[in-house]
Amino acid sequence: MAQLPVVEHPDGRLREAAETVTEFDANLASFIDDMIETMRAQQVIGLSAQQVGDRRNVCVIDPEGDGSSVEVFVNPVILASWRTAIVEESCLSIPDLEGNVFRATRLRARAQDAAGNTFTRDLNDMAAVTLQHEVDHLAGKLFIDRLNPIRRLAIGLRTRAKRKQAGSERQEPA
Numbered sequence: 344m345a346q347l348p349v350v351e352h353p354d355g356r357l358r359e360a361a362e363t364v365t366e367f368d369a370n371l372a373s374f375i376d377d378m379i380e381t382m383r384a385q386q387v388i389g390l391s392a393q394q395v396g397d398r399r400n401v402c403v404i405d406p407e408g409d410g411s412s413v414e415v416f417v418n419p420v421i422l423a424s425w426r427t428a429i430v431e432e433s434c435l436s437i438p439d440l441e442g443n444v445f446r447a448t449r450l451r452a453r454a455q456d457a458a459g460n461t462f463t464r465d466l467n468d469m470a471a472v473t474l475q476h477e478v479d480h481l482a483g484k485l486f487i488d489r490l491n492p493i494r495r496l497a498i499g500l501r502t503r504a505k506r507k508q509a510g511s512e513r514q515e516p517a
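In terms of my numbering, the sequence shown is numbered consecutively and its last residue is 517.
Note that these hints are calculated values from the structure, not bench results. Model, not experiment: these values are computed from the prediction. Check each hint, because a few of them may be wrong.
What the hints assert, rightly or not - Distance ranges between label pairs, derived from CB positions:
1. 507 <-> 365: 34 to 44 Å
2. 369 <-> 422: 25 to 35 Å
3. 420 <-> 508: 32 to 42 Å
Every residue, glycine too, gets a C-beta built ideally from N, C-alpha and C.
Take the sequences, apply the hints, and build the full model.
Listed below in structure tokens is the structure:
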């Protein structure tokens with residue numbers, strides 16, 4: 344297993360929709376193992392393929408954050424959701440930023456495991472919130488897209504300043 348490099352906002356790969364996984368082979372199994380290793384090393388409770396620069400429709404979650412509740416979702420689809428609440432979220436790909444968003448705290452999802460077997464799972468509380476966050480990533484959405492408009496505007500200004508600074512750092516002195 345290996346740790347994968349994490350893609351950070353505003354990298355455009357975070358805005359690309361995932362591609363359906365059709366091959367369930369050793370390559371996919373190895374990639375999923377690397378995603379789990381990366382999630383653990385970064386001490387986060389969820390990770391999507393987009394966050395490590397890959398377009399496959401795969402995410403892993405560990406809502407307990409201790410390795411005891413790791414689940415793999417390939418080609419996940421949320422079938423139904425209930426009990427909406429305001430939850431505070433953050434994201435590995437958007438460091439140093441948190442925000443309150445509306446999320447369901449109960450949901451039913453269908454996905455495949457690493458071998459391609461289809462399953463349906465009911466998730467509650469943090470597991471439900473985490474899976475929604477990762478499914479958003481797989482659709483090219485970020486949690487900041489769910490923030491109120493004023494907060495999104497402030498983040499946009501911060502992002503533009505970050506891009507401008509990165510551009511000036513790459514220029515060579517005269």
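Hint by hint, here is what the structure shows:
The hint said 34 to 44 Å for the Cβ distance between residue 507 and residue 365, and at roughly 41 Å that hint holds. Range check, residue 369 to residue 422: about 30 Å between beta-carbon atoms, so the 25 to 35 Å window is met. Checked against the hint of 32 to 42 Å, the C-beta distance between residue 420 and residue 508 comes to roughly 39 Å, which is consistent with it.
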